[in-house]
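Engineer: Sequence:
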Amino acid sequence: GNNDIPNRPEVFLDESYCHLHHTSPNTWVPHQGVVLAPGRGPLLVIFGAIVVFRNGNHNKTYGEIVPNSIYIWDPAIKPQSSRGRKRSNLEAWDNIPDILRDTAIVPDQIDYHGNFNAEIFESLFTKLCATVEEKYGGVDIHMDGARYHKRRIENIPTSASKKSEIIDWLTRKEVVVPIDAYKAELLEL
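At position 152 of the sequence shown the residue is numbered 152 (full-length UniProt numbering), and the sequence of numbers has no breaks.
Rather than coming from a laboratory, the hints here were simulated on the basis of the structure. Since the structure is predicted, the reported quantities are computational estimates derived from the model, not experimental observations. Among the clues, some could well be false.
Stated by the list, open to error - Label pairs and their calculated CB-CB ranges: (1) Cys18 - Gly56: 29 to 39 angstroms; (2) Glu185 - Asn55: 49 to 59 angstroms; (3) Lys162 - Asn55: 39 to 49 angstroms.
To be verified - Keeping only pairs whose Cα atoms sit at most 25 angstroms apart, straight-line, the calculated PhoX-like set for lysine-lysine is: (4) Lys173 - Lys183; (5) Lys162 - Lys183; (6) Lys135 - Lys162; (7) Lys173 - Lys162; (8) Lys163 - Lys173; (9) Lys135 - Lys163; (10) Lys60 - Lys162; (11) Lys150 - Lys127.
Every residue, glycine too, gets a C-beta built ideally from N, C-alpha and C.
Full structure from sequences and hints, please.
Structural biologist: And the structure:
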């Protein structure tokens, strides 16, 4: 019904990975055209976003890939060392398909569950938000609860913190600290 159509555009983002030449040793597909030997090849990390929206006054839902939101990179890519050494897997990237070569490759990042982290996510998310705002206006963004989707810039004192650490933190925040307050009382300020 009409209740299934979003009032605001909805963006769904995720990241994943695959191996460049991941193939199965057995297949029902005839061996015609390009056939790669079974194996995995180098790892690719993939980040992307799609948007679902209502177009004009029509009661139809549309979807598309958010422009410039697909990023694919090799987490093993490392900048050349100061001694001019090349990456150890350079030869594996000699024959990158054009479809990958033409995507936005992020050449200097390292991680996915070790190849994806909060800094990389925040950089890509910032670019995504700018694109989404410009093209679609206000949207609702959906993502999973991966640990790199959220991080604390500053550690907030807990009951495990020392009283002096709590007082220091409150003082930096310009909170008036009662002289004779107990630790539990300080945590409530």
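Engineer: Compare the structure with each hint and give your call.
Structural biologist: Going through the hints against the structure:
1. Between Cys18 and Gly56, the C-beta spacing of about 37 angstroms keeps the proposed range 29 to 39 angstroms intact.
2. For the pair Glu185 and Asn55, the supplied restraint of 49 to 59 angstroms holds, since their beta-carbon distance comes to about 56 angstroms.
3. Between Lys162 and Asn55 the Cβ separation comes to about 58 angstroms, which falls outside the hinted range of 39 to 49 angstroms.
4. Restraint check for Lys173 and Lys183: satisfied, since their Cα atoms lie roughly 17 angstroms apart, inside the 25 angstroms limit.
5. Among the hinted pairs, Lys162 with Lys183 is consistent with the structure: their alpha-carbon atoms are about 8 angstroms apart, no more than 25 angstroms.
6. Straight-line distance between C-alpha atoms of Lys135 and Lys162 comes to about 49 angstroms, which puts the hinted pair past the 25 angstroms bound.
7. Straight-line distance between C-alpha atoms of Lys173 and Lys162 comes to about 17 angstroms, which keeps the hinted pair within the 25 angstroms bound.
8. For the hint linking Lys163 to Lys173, the alpha-carbon distance of about 15 angstroms falls within 25 angstroms, and the restraint holds.
9. With a CA separation close to 49 angstroms, the supplied pair Lys135 and Lys163 exceeds the 25 angstroms bound.
10. A hinted pair counts as satisfied when its Cα atoms are at most 25 angstroms apart, and Lys60 with Lys162 does not qualify at roughly 57 angstroms.
11. With a CA separation close to 17 angstroms, the supplied pair Lys150 and Lys127 stays within the 25 angstroms bound.
Hints 3, 6, 9, 10, counting from the list given before, are not met by this structure.
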